[in-house]
Structure formats: structure tokens, C-alpha cells
Amino acid sequence: MAGKALFDKIWQAHEICQNEEGQSLLWVDLHLAHEGSFHAFNKLAERGQPVRHPECTICIADHYVPTTSRSLIAVQPKIRNVIQQLIDNSRHHGLTLIGLDDPRQGIVHVVGPEQGITQPGLLMVCGDSHTSTHGALGAFAFGIGASEVAHVLATQTLWQDKPKRMRITINGQLAPGVTAKDIALAWISRLGSDGARGYAIEYAGSVVRNLSVEARLTLCNLSIEGGGRCGMIAPDQKTIEYVKGRTYSPEGEALEQAVAYWQTLFSDDDAEFDREVVLRGEDIEPIVTWGVSPEDALPIGACVPDPTQASSPGKARQIQDSLDYMGLLPGQKLTEISVDRVFIGSCTNARIEDLRAAAAILQGKVCKVPGIVSPGSTLVKVQAEAEGLDKTFIDAGLEWRESGCSMCVGMNGDLIASGERCASTTNRNFKGRQGPGARTHLMSPAMVAAAALTGHLSDIRDILG
Amino acid sequence: MKPFNQLTSLACPLPLENVDTDQLIPARFMKESRADGYGNFLLHDMRFNAGGEPQKSIFNTINNGNSGSSEVLVALRNFGGGSSREAAVYALVDFGFRCVIAPSFGDIFASNAVNNGLLPALVSEQDCEQLLEALAGELGQIDIDLAAQTITCEEITISFDINATWKLKLLNGWDDIDLTLAEAPKIATFREKYQKHYPWLG
Ligand code: SF4
Numbered sequence: 001m002a003g004k005a006l007f008d009k010i011w012q013a014h015e016i017c018q019n020e021e022g023q024s025l026l027w028v029d030l031h032l033a034h035e036g037s038f039h040a041f042n043k044l045a046e047r048g049q050p051v052r053h054p055e056c057t058i059c060i061a062d063h064y065v066p067t068t069s070r071s072l073i074a075v076q077p078k079i080r081n082v083i084q085q086l087i088d089n090s091r092h093h094g095l096t097l098i099g100l101d102d103p104r105q106g107i108v109h110v111v112g113p114e115q116g117i118t119q120p121g122l123l124m125v126c127g128d129s130h131t132s133t134h135g136a137l138g139a140f141a142f143g144i145g146a147s148e149v150a151h152v153l154a155t156q157t158l159w160q161d162k163p164k165r166m167r168i169t170i171n172g173q174l175a176p177g178v179t180a181k182d183i184a185l186a187w188i189s190r191l192g193s194d195g196a197r198g199y200a201i202e203y204a205g206s207v208v209r210n211l212s213v214e215a216r217l218t219l220c221n222l223s224i225e226g227g228g229r230c231g232m233i234a235p236d237q238k239t240i241e242y243v244k245g246r247t248y249s250p251e252g253e254a255l256e257q258a259v260a261y262w263q264t265l266f267s268d269d270d271a272e273f274d275r276e277v278v279l280r281g282e283d284i285e286p287i288v289t290w291g292v293s294p295e296d297a298l299p300i301g302a303c304v305p306d307p308t309q310a311s312s313p314g315k316a317r318q319i320q321d322s323l324d325y326m327g328l329l330p331g332q333k334l335t336e337i338s339v340d341r342v343f344i345g346s347c348t349n350a351r352i353e354d355l356r357a358a359a360a361i362l363q364g365k366v367c368k369v370p371g372i373v374s375p376g377s378t379l380v381k382v383q384a385e386a387e388g389l390d391k392t393f394i395d396a397g398l399e400w401r402e403s404g405c406s407m408c409v410g411m412n413g414d415l416i417a418s419g420e421r422c423a424s425t426t427n428r429n430f431k432g433r434q435g436p437g438a439r440t441h442l443m444s445p446a447m448v449a450a451a452a453l454t455g456h457l458s459d460i461r462d463i464l465g
Numbered sequence: 466m467k468p469f470n471q472l473t474s475l476a477c478p479l480p481l482e483n484v485d486t487d488q489l490i491p492a493r494f495m496k497e498s499r500a501d502g503y504g505n506f507l508l509h510d511m512r513f514n515a516g517g518e519p520q521k522s523i524f525n526t527i528n529n530g531n532s533g534s535s536e537v538l539v540a541l542r543n544f545g546g547g548s549s550r551e552a553a554v555y556a557l558v559d560f561g562f563r564c565v566i567a568p569s570f571g572d573i574f575a576s577n578a579v580n581n582g583l584l585p586a587l588v589s590e591q592d593c594e595q596l597l598e599a600l601a602g603e604l605g606q607i608d609i610d611l612a613a614q615t616i617t618c619e620e621i622t623i624s625f626d627i628n629a630t631w632k633l634k635l636l637n638g639w640d641d642i643d644l645t646l647a648e649a650p651k652i653a654t655f656r657e658k659y660q661k662h663y664p665w666l667g
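Protein chains in written order, with our numbering: chain X, 1 to 465; chain P, 466 to 667.
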């Protein structure tokens, strides 16, 4: 019998039973809620159902929070109402709340790992697709919709079909200036934004082993942009060191037991995968997106695609539609695309290492375009301020904001104006994602900083020299 | 939930790939209460310009416009990818759709759809192109039979895929929470073993 993949081990540990069609009922260790979860709480209320395990849900305010202050006074009433509903629901059901004024507040996928809520081997869900982030620590974590959130609240379980397994192995080494963001955009542009649909992804290979835990969080975060059910990385010593000592992590004897288990969480040598994808680290270049899907990504040295060269009429139509929306010309060099503003933030790229990478480029320089920096969590903000990064950003002409989802999705009103072009560290360049008519180019934090300095998309390697 | 069995309706073509959930319902509408329905928000920025004026769009002519009502949407690959927002399904359902036909769906979108009685009918790329060709940019009559997993439009009959559990749920209008609460003893037994095995999880 073939060995087991990391994913199989965690799946099996959580399987309660199967129905006749082979779907599994899974135990959910942890559910993270945010303001957008109000639909799910409403469903529960409609049914008059209590929360089955209040100790297994943590509520975090991030999607709608203001980033200009921590006060709700100036906030538009409808937005305030959504934030208030999270507070009310958490009180009503007796759930832990990490609210707007909590020093631990931040984006749910940054706070989870930071607080030690995220641990290897856990099954975690959240009504947000980027829940895949937590897989970087060896958890099976995935995004779910409101009905499923209601189901988890009511039963602490979830029905799931077992996904197939895909391993993405990145061998060799990364070149200078190339980051986890570039790895993600590289495989997504190759496989397509639905290329991993129906698969649980495991990232492996020397490049992944050598990534810091924070970079691994970025890589797993973007799994959903390739359609993956989840993304995960086998926990290693780096992971264990990272998790240890955080507020929610086990201590003493419990920690020893946990670590012994965590060390069994890897894919056996003879584990079988339904699909294997292998990349060479050396082949990956700094990448930017040019279109309206994360699959529309190219190395920064390339040119905007020409629809007349497309492989099919359908593809040509699609490219033309993207170019029209993005206001680009076929064949235009990517480095000649000028930007109107920049955004450094989101659960993808706003941890301390991301802010350091961007600040290193901006140090002592002045940006050509405006922009905002919103740290991934309030603790990241405090850390950045202790290191003086806030000063670097402010001196370079950027706004230093509070933590929240902010311009990743614009729900709190932090928006890009219609027709404006933004170099962004976020995860989605969808039409209207950063505001109606907004044009988004995704890239790594250092590449965003480079674009801020030059006023156009730029190759970080030219700046690093 | 209303059971889904057979459906005869007009099909509405949307020959685009990657119609993500941000397009299906832009984020700014998600703070609204569902009480008034989310139908007006469906594909809002495709249907209306920045000033809120209706654009030339087939969606502005159906289901309250004057060219009849359509309960079936036909789109291209990766429909409903992206954000997990169930509001994208609410917008489709509140607009009047009961079925979306496409060659691939975002995972989370598809399960959200089923949880709201919206059938995500998975067809091959070829069959989908054929269907869109038959519709030629206009509304066209379509028959969907969930039990048989077939779609008929003009002379074309094609089959579609649907996960077996989802099919049962849709056919019967079942609600997951009720089904799961019935499994309470199994869950309790599991939890006891689980806690012994992983004591640090409390
Ligand atoms: S930062 Fe963006 S992607 Fe991440 S949780 Fe917030 S809205 Fe979702």
C-alpha cells in the first residue's frame, strides 16, 4: 500500500464518518469569523440554533475596519453596523473577540499564525477564501461560504468531498529579488486560475524548505488564486520554533505531545499524488500581473500580450477585454506602464518581513506616486514602528495606516478611483476589486516599492543592482 | 430549501471566462441587508456605469426588463472563482437564476450555490461552446433535467456533471444542518476519541 500524503494524514484524523455518496463529515478544530460572517450568524438566528462549541470560534475585525483611526465615530453607518454586528454576535454567543481596539487586532490570516491560533495538523475554516494561508504551518485550512459557516457554528463539523492531491515542488534556489509572491504567480500563470481546482496542494522542494515561515504564509495564501482547495507545507523545525511560545500554542507537557505529533506530519516517501508540478527556482523571475485575473501574470521583462497572437478566438476576446479594462496596449513593455498609486497591505504581503523588504527599497528616497501602507496586524504595526519602518514609509511620501483589509477589497472605503492604476501587494487584480474601474497590478512588496519610486512598473533587480 | 427537479426556462448567455465573485457582486454591496434582495447588485458594474445608469446588457432586458424571464445562465470556465462570498450566489438567486451552466466553477462558489438551491451544472468546454453557439448571444429555450443530468437546447442534448451528494441535496431540498444534527451520536463518539488522541487541543 502506498504511503500517505501530509494531506491524507490530517484528513483522516478529522473524518467522523462518510455518507453513502462518499462525502465525509469532518471535525473542525477552529473557525475564524470576521464582520462578513454576519450572514452566517443571521442564518443561525433564523433557525434559533446555538453555537455548538463557542470555544472553537474566534472573531476578528478586519474586513470593514477603518485604517485612518481606531474609532467608529467617523465611520459610515452601514459599515459601522457590520462591525457592530460582529461585536454583538460574539457577545451573544460567548465567542472570543479580537475587536477594533484590541492590541492583537489585524487581518484574520495574519492574526491566526501570529497568536499561535494556527497550529500544525489543525482543520481550520473561515468564511474567507484566503484561509489557505494557515496551511503554511501544516494545517488543513480552507475558505467556506456563509451556509457552511452557519453549519460549522451549529455543529462544529463540515461535509466535504475529499480533494485530489497535487504537489508543487520547487527545486534549486531563488535568484535575488525573487519572492514567494513570484513563485505563486509563476505557477498560477502556468496552470491557470482554476488549474488547481479540486486539489489540495502541498508545496515542497528545497526552495520551500528555505523559505521563512512568513514567506510560506504568502505562498499558501495564494493557493486559492490557482483554484486550490487549500495549500500546505509539512511542518519542520522552523515551523515548530515559530509556533512555540505564542499565546494560543500549547505549553510544557502538552507542547511536547503536540510536537511529537507535528513531527509525523509529512508526506511519506512513497505517498502518491494525483498531480505533480515541478518548477526550478532559478527559472522564476520577478512577476507582475497585467490583466484581470492572477493567471494574467508575466515576468517584469515581458510585454503586454497581443490578442492577435492568441491561441484561440476565445482567448483573443478575453485578452482584448482585459486590455480594455486595464487601459493597456498590446506589445507595450510592462516596465513602461505608469502607476498612479501603490498599496502595501493585505493578508498576502503585510507581515513584518514584507514591510522590511519594501522599506529597504524606500529607505532615504522619495516616491513619485502616493500610496498607503496598512500593516497586516496591529502587532506588526507596533513592531514596524519599533524598527523605524513607519518613518521610512512616511519620509518616502506614503501614508502609514492602521491594520485591516483596507485596499485589498475596499470594503472599509479605502478605494482606488476609477481608471487609476495601482501597484499592489494584494492577491486579486479582478475587475473592480479595489474599487469600480480600478486597475490593479499584483507584485511583491519590494516591486511595489520600486514602482512607487519610479512611477512605473519596475524590475527590482535594476534597483538592487 | 425548494427541491430542484426539472426546469424549463430561457437561458441567458454570458460568454466570458473567469467571471469571479467580485464581479458577480462588488464588495461594496455586501454590507446591505438581504431583506430587500441582492438581485439589483448582480454583475452591477457590468450592468450600470459609474453614474448608475443602465448599460447595454442582456441582464438589463430580462427578469423585470421586457424580454421574458431567464432562470439559467450559461458562462465560460472558472465561473465564480475568487472570494468565498456567498452573496454572489444570493445575487444570482435573487435575480431569478436557478442554474448556472459552465465548464468549471470556483470550488467554494459551487458548494455555496448548492446550499442555496442553485444548480451548478458542469459541462465540457466543447458542449458549453456548442450551447453558446446555439444561443448566439440571445435568450433561448432550455430544458434541464437534474435526475437524468441532461440539458436540452434547440436540437442539442448534452449531459452535465454534478457531485452525487449535491444532486441528492438539490433533488430533495435537504438542509445540511438537519442532516448533520442527526449524526450527533457519531460526532460525540468521535470527539471523545479525538480528545484522548490530541489532548493539547482541549
Ligand atoms: S486582506 Fe484581502 S484577501 Fe486577505 S482577508 Fe482581507 S479582504 Fe480577504
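Careful: at least some of the hints might be erroneous.
[To be verified] Below, in silico cross-link-like pairs of lysine-lysine (DSS-like), each with a Cα-Cα straight-line distance of 30 Å or less:
1) X:164 <-> X:391
2) X:78 <-> P:658
3) X:368 <-> X:391
4) X:164 <-> P:651
5) X:4 <-> P:521
6) P:658 <-> X:391
7) P:632 <-> X:164
8) P:661 <-> X:238
9) P:467 <-> X:162
10) X:238 <-> X:162
11) X:4 <-> X:244
12) X:333 <-> X:365
13) X:391 <-> X:365
14) X:368 <-> X:4
15) P:661 <-> X:244
16) X:315 <-> P:661
17) X:365 <-> X:238
18) P:651 <-> P:661
19) P:632 <-> P:661
20) X:43 <-> P:632
21) P:521 <-> X:164
22) X:315 <-> X:368
23) X:4 <-> X:43
24) X:244 <-> P:658
25) X:4 <-> X:164
26) X:43 <-> P:521
27) P:661 <-> X:162
28) P:632 <-> P:467
29) X:164 <-> X:238
30) X:333 <-> P:651
31) X:162 <-> P:521
32) P:658 <-> P:467
33) X:315 <-> X:333
34) P:632 <-> X:162
35) X:4 <-> P:467
36) X:162 <-> X:43
Simulated from the structure, these hints should not be mistaken for lab results.
Owing to the predicted nature of the structure, the values given are computational and were not obtained by experimental measurement.
Verification of the supplied hints:
1. X:164 <-> X:391: Outside the cut-off at roughly 47 Å; violated.
2. X:78 <-> P:658: Distance of about 45 Å is beyond 30 Å: violated.
3. X:368 <-> X:391: Holds, at about 17 Å.
4. X:164 <-> P:651: OK: residue 164 of chain X and residue 651 of chain P at ~26 Å, within 30 Å.
5. X:4 <-> P:521: violated (54 Å)
6. P:658 <-> X:391: Distance ~53 Å between residue 658 of chain P and residue 391 of chain X Cα, so the pair is violated.
7. P:632 <-> X:164: Holds, at roughly 20 Å.
8. P:661 <-> X:238: OK: residue 661 of chain P and residue 238 of chain X at ~27 Å, within 30 Å.
9. P:467 <-> X:162: holds (27 Å)
10. X:238 <-> X:162: holds (29 Å)
11. X:4 <-> X:244: holds (26 Å)
12. X:333 <-> X:365: Measuring from Cα to Cα gives roughly 25 Å; hence the hint holds.
13. X:391 <-> X:365: holds (12 Å)
14. X:368 <-> X:4: violated (52 Å)
15. P:661 <-> X:244: Holds, because 22 Å separates the two Cα atoms, which is no more than 30 Å.
16. X:315 <-> P:661: Given pair residue 315 of chain X, residue 661 of chain P is violated - Cα atoms ~54 Å apart, limit 30 Å.
17. X:365 <-> X:238: Violated, at roughly 34 Å.
18. P:651 <-> P:661: Distance of about 16 Å is within 30 Å: holds.
19. P:632 <-> P:661: At roughly 37 Å apart (the allowed maximum being 30 Å), residue 661 of chain P and residue 632 of chain P break the hint.
20. X:43 <-> P:632: holds (23 Å)
21. P:521 <-> X:164: violated (42 Å)
22. X:315 <-> X:368: Violated - the C-alpha atoms of residue 368 of chain X and residue 315 of chain X are around 35 Å apart, more than 30 Å.
23. X:4 <-> X:43: Violated: residue 4 of chain X and residue 43 of chain X sit about 38 Å apart, past 30 Å.
24. X:244 <-> P:658: holds (25 Å)
25. X:4 <-> X:164: holds (13 Å)
26. X:43 <-> P:521: Not OK: residue 43 of chain X and residue 521 of chain P at ~36 Å, beyond 30 Å, violated.
27. P:661 <-> X:162: Holds. Residue 661 of chain P to residue 162 of chain X sits at ~25 Å (cutoff 30 Å).
28. P:632 <-> P:467: holds (13 Å)
29. X:164 <-> X:238: holds (27 Å)
30. X:333 <-> P:651: violated (60 Å)
31. X:162 <-> P:521: violated (43 Å)
32. P:658 <-> P:467: Given that 30 Å is the threshold and the Cα spacing comes to 38 Å, the pair is violated.
33. X:315 <-> X:333: Satisfied, since the Cα-Cα distance of roughly 20 Å is no more than 30 Å.
34. P:632 <-> X:162: holds (17 Å)
35. X:4 <-> P:467: violated (41 Å)
36. X:162 <-> X:43: Roughly 26 Å between the alpha carbons, so the hint for residue 162 of chain X and residue 43 of chain X holds.
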